[in-house]
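Line by line, the protein sequences are chains A and B.
If you count the first sequence from 1, you need to add 1 to reach our numbering.
Residue numbers are given in our numbering: position 83 of the second sequence equals residue 64, and the series is strictly consecutive.
Don't take every hint at face value.
A short, non-exhaustive set of chain A residues, derived as facing chain B with CB atoms under 10 Å [stated by the list, open to error]: (1) Asn320; (2) Ser323; (3) Ser612; (4) Lys653; (5) Ile662; (6) Leu678.
I should point out that these hints are in silico values taken from the structure, not numbers from a laboratory.
All C-beta atoms in this analysis are idealised placements derived from N, C-alpha and C, irrespective of residue type, glycine included.
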Amino acid sequence: MDVNQYMDMFIDESKEHLQHMNDILLVLEKNPEDEKELNELFRIAHTIKGMSGTMGFNHVLNLTHQMENVMDLVRNHKLKVTGDVVDLLFDCLDQLEQYIIKIENDQSEGENVSNDLIQELQLLTKNKASTDDIGVAEEKKIDVGLIISQDITNSKSIEVDEFVAGMIKKAIDKEYNIYNLKIILNAKCMLKSARAYIIFSTLEKMAEIIHANPSIEDIEDEKFDDSFELIVITKKNKEDIMTEMNTISEIDDIIYTEMTDENIVFQQDDQENATDEIKITDGNENVLEKVKSDEDSPKRSKTGKTVRVDIDRLDNLMNLVSELIIIKTRLEDAHQMTQQKSISDTTEQLERITTSLHDAVMKVRMVPIERVFNRFPRMVRDLSKDLGKDIHLQMSGEDTEVDRTVIDEIGDPLIHLIRNAIDHGIEDRETRIRNHKDQEGTLNLIAYPDGNSVVIEVQDDGKGIDIEKVKIKALDKGLLSEAQSQLIEDKEVIQFLFHPGFSTADKVSDLSGRGVGLDVVKTKIETLGGIVEVESQPMKGTRFIIRLPLTLAIIQALLVHVGDEKYAIPLNNIREITTIQEENIRKVQGKEVVLFRQTTLPILRLADLLSVEGLHERESDEEFTVVIINHGDKTFGLVVDALIGQQEVVIKSLGRYLATIKGIAGATILGNGTVALIVDTNSFL
Amino acid sequence: MSQLDQKQNSTIDQYVIFRLQEESYGVSIHYVEIIEKVSVITRVPNAAPYIMGVINLRGEIVPVVNLRQMFDLEEASITDESRIIILSVDDIIIGLMTDSSSEVLTIPQQDIENSSGVLSDVEISAIKGIGKVGERMIMMLDIHKILGFKNQESTERSFEH
Chain A
2 MDVNQYMDMF IDESKEHLQH MNDILLVLEK NPEDEKELNE LFRIAHTIKG
52 MSGTMGFNHV LNLTHQMENV MDLVRNHKLK VTGDVVDLLF DCLDQLEQYI
102 IKIENDQSEG ENVSNDLIQE LQLLTKNKAS TDDIGVAEEK KIDVGLIISQ
152 DITNSKSIEV DEFVAGMIKK AIDKEYNIYN LKIILNAKCM LKSARAYIIF
202 STLEKMAEII HANPSIEDIE DEKFDDSFEL IVITKKNKED IMTEMNTISE
252 IDDIIYTEMT DENIVFQQDD QENATDEIKI TDGNENVLEK VKSDEDSPKR
302 SKTGKTVRVD IDRLDNLMNL VSELIIIKTR LEDAHQMTQQ KSISDTTEQL
352 ERITTSLHDA VMKVRMVPIE RVFNRFPRMV RDLSKDLGKD IHLQMSGEDT
402 EVDRTVIDEI GDPLIHLIRN AIDHGIEDRE TRIRNHKDQE GTLNLIAYPD
452 GNSVVIEVQD DGKGIDIEKV KIKALDKGLL SEAQSQLIED KEVIQFLFHP
502 GFSTADKVSD LSGRGVGLDV VKTKIETLGG IVEVESQPMK GTRFIIRLPL
552 TLAIIQALLV HVGDEKYAIP LNNIREITTI QEENIRKVQG KEVVLFRQTT
602 LPILRLADLL SVEGLHERES DEEFTVVIIN HGDKTFGLVV DALIGQQEVV
652 IKSLGRYLAT IKGIAGATIL GNGTVALIVD TNSFL
Chain B
-18 MSQLDQKQNS TIDQYVIFRL QEESYGVSIH YVEIIEKVSV ITRVPNAAPY
32 IMGVINLRGE IVPVVNLRQM FDLEEASITD ESRIIILSVD DIIIGLMTDS
82 SSEVLTIPQQ DIENSSGVLS DVEISAIKGI GKVGERMIMM LDIHKILGFK
132 NQESTERSFE H
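Using the sequences provided together with the hints, build the complete structure.
Here you go:
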C-alpha cells in the first residue's frame, strides 16, 4: 500500500492527538482521579498506535503500545497517577513529538531512541503491585464491587468504580430508579456501534447512563459481541423505558433488572478502606456535581475538531474577493458618471455580496487563538518546575479568533513575554511570602476582540518593572542624559525596555535576560500591524498589552494625493485630520512642529519622506492638510497635498524582490487598475 | 520532477529576444511567464534607482526593472512598441522593461560565446555570453545577476574562459 498520500493526514492528526494528550496530562497532574480524561488518554494512545502501525512507524508504535499498557493499568485502578507517572508520560509525549517532527521532515522516523522510555514504562507495568508506596498524597482509589441479588440463588456482581457506586447510592437516597439493562442485539445487526449509539441517545432522553460494560468507548468502537450492559438512573419507571426502547429495531432482548436498596450490596475490594464508609459518602457530593458539570459542558470533545483547508486554496479565494472588491470600486465610479438607478441598484447588491463574501472568507481564515495558547500550560509547568516557583497560569478567551497568519507569527512573541514574566516578573516563593503575597504567583493570559482588533494581555502579579533600575541602565547605555532622567516620565522609561540589547536582569538565565528579547517582540508585533504597550506597578505586577488587527488582508484606508501620486494611509493609525496654517509651523531643533490642542505636534511632510517630485510651489499663507497619526502613545502630523477619501483596500505585498522598502508597507490596486502604495506610518516614528 | 526535466530539455535552447537601444538581447524562455504591453507604472519611493516601479499584473504586484538604467544606457521614453517581459525566477516575479520584443529563437549552446572584451563592466556582469544567429549578435542575459543573486553556477559560467 502506498501510504505517502496519507502522510500529511497522519502528521496533522498525530500532532492534534499529541496536543490533546498534553492537555489531558496537565489536567491529570492536578486531578489524577479524572476518569473521563484517563479514558480519553487511553483512547488517544490507542489511536496513535493504530495510525503509526498502519504507516509503518514501528518506534512510535512500540512506544505508544507501552504507554497504552501503563494507561490501561491506570484506567483499571491498578496503578496510581503519581507525579512520577505523569512526568514519564510527559517524557514519552515529548519523544513522540520528536518522532513526528522527524517524520514530517524526513518522511522517516529515524533511529530508535525510545528504548529507555519503553524500559521505564515496562518497569512501571511490572511493578504495579508495589506502587502503593509511591504517591502518598494521592487520593485512594477504591474498587467497589456491586452485587445485585435478585434472589438468594441468582445474584450477580458488577464491578464499578467509586464514582459510579457513589452515584448509585446518591440516586437511591434521592429516590431515583436505577436499572441495570442488558441489551442483546440481533446477531445480524450490521452497524452495531451505530445501533448502540441510537440506544444511548434514546436512553439519554429520559435517563442518565452512569456505567457501561464494556466501556462506552469500546462500544462505540464496536468492541463488543452482541450484548452490553448499562446502568441508568432515571425518574421514569421501567414501563416508560421499555416502550421507548421497543421502538428501536434490531434489538433481540433487553433484560431489565431494577436495582433498589434491598438488592444492592456494596462490596469493597480494598481492605484498607473497609471502615471508611463515611468518607465515601462525603466525597460523593462533589463527585455527583462534578460529573454533572462535566456533562453540561462537553467542551473538551469539541476542541481540535477542525476542518483542514489548504492555505493555497484560501489564498485563491482571497484573490477572488479582492478582484470583486476592485470591480465594486470600479462600479462605484461608473455610478457617479451615469446616475442611472439600475446601476446604483447593482452596485448596492454587489456591495452586499462582496461584504458578505469578505466576511465568509475571513471566517475561514480565522482560527481560535487556542492553537497558540494550548502549548503554554505545559511550558509554564516546565518553567516553574525548573525555577522552583509556584505559578498558576490562568487563560481566558482562548476561543477568540484571529487571522491564520497571526496565529503562525504570534507564538514566539508570546512565549517570550511569558518567559519574561516567569523569570523576571514573578518572585520566588520566599520573596513572595516575605512580601505578604500569595505563595503561588499568577500569570494571566487573556485574549479578547476589541472592535477591529484583537487584544492579548500577558499579566503577572510579580514585582513589577523597577523604574530606577531601567533608568540607571539607560544612563549607562547613553540612551538617556542625566538631565533628562530627572524629568522623564515612568511611562517613557519603560519604553527603554524595547531598545535593542537592553536587559535589566542581574543574572543571565537560560530563559531570558539576554537582552535580545523585548525589541524583537516589538518588531514582530509591529510587522503584524499591531502595537505593544506595557503597564507596570511596583510590587503589583506587570501587564503587556498586545493589540493586533483582526485581519491583515483587507483594511480601511485613507487615500491621499501627494504631488501626482496617490498613497493609502491605514485608517486605524489615523487619529484625525485637520488643516494648519503654514505660518503656525515652528522649527525646534531643526524639526518642524506645530502647537495643536495645547500639545506640540511634530510635523512630517509625506512628499519629503517619499521623495515625491514635481510639487507645485506653495504660497506662505497656504493651509496644509495634516493627517494626524497615532502609534501607541506617539503622535505626529503628516502633511499631504489633498484627500481623496476613505476606501476599503486589499493589501498586497510588493513581492520578495522588493522585500523591504522604507516607508512602504505594501501596495493595493485602485478602481482604475493602477497600483497605489500603502504608507507604513510606523516607520516614520 | 521528470516532467520538469523534460520541459527544460525541450526549451533549453530557446530564447525570448528583445531590443534595447538597437541591440538584441536574449533571455531563456524557461524563465519567461508572459510578455505584456506597458500599463501604468507606479513609482516606488526609496527603492533602488533601476526599479521603475510596480505594475498590476492581474491582481499581482510586479516590480519592473529598468534595464537601460542598469546597463548605463540613455533613458528613452515608452512607446507603443515597448514591452515588459515578465520573468519568474525562484518564486520571484519581476518585469523587464524593453524597447520591443517579438521573437523567440533557438540558439544552441555551441553558438553562444563568452562575452569578454566587447562589453562594458556593467554589462559583463549581467551578460553571460553572446549568441550568434546568422549575422546577428544576441547578448544573453544572466537573470540571476540581474536579480542580484549570488548564483554559483552562473558566476562560473560568465567568467569562464
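A quick look at each hint next to the structure:
1. A least Cβ separation of about 6 Å between Asn320 of chain A and chain B falls short of the 10 Å threshold, and the interface hint therefore holds.
2. Hint on Ser323 of chain A holds. Least Cβ distance to chain B is approximately 6 Å, under the 10 Å limit.
3. Contact between Ser612 of chain A and chain B, as hinted, is supported at the beta carbon level, the nearest pair being about 5 Å apart and thus within 10 Å.
4. At about 5 Å, the closest approach between the beta carbon of Lys653 of chain A and any beta carbon in chain B falls short of 10 Å, and the interface hint on this residue holds.
5. The beta carbon of Ile662 of chain A comes within 5 Å of a beta carbon in chain B, closer than 10 Å, and the hint placing it at the interface holds.
6. Checking Leu678 of chain A against chain B: minimum C-beta separation of about 7 Å stays under 10 Å; hint holds.
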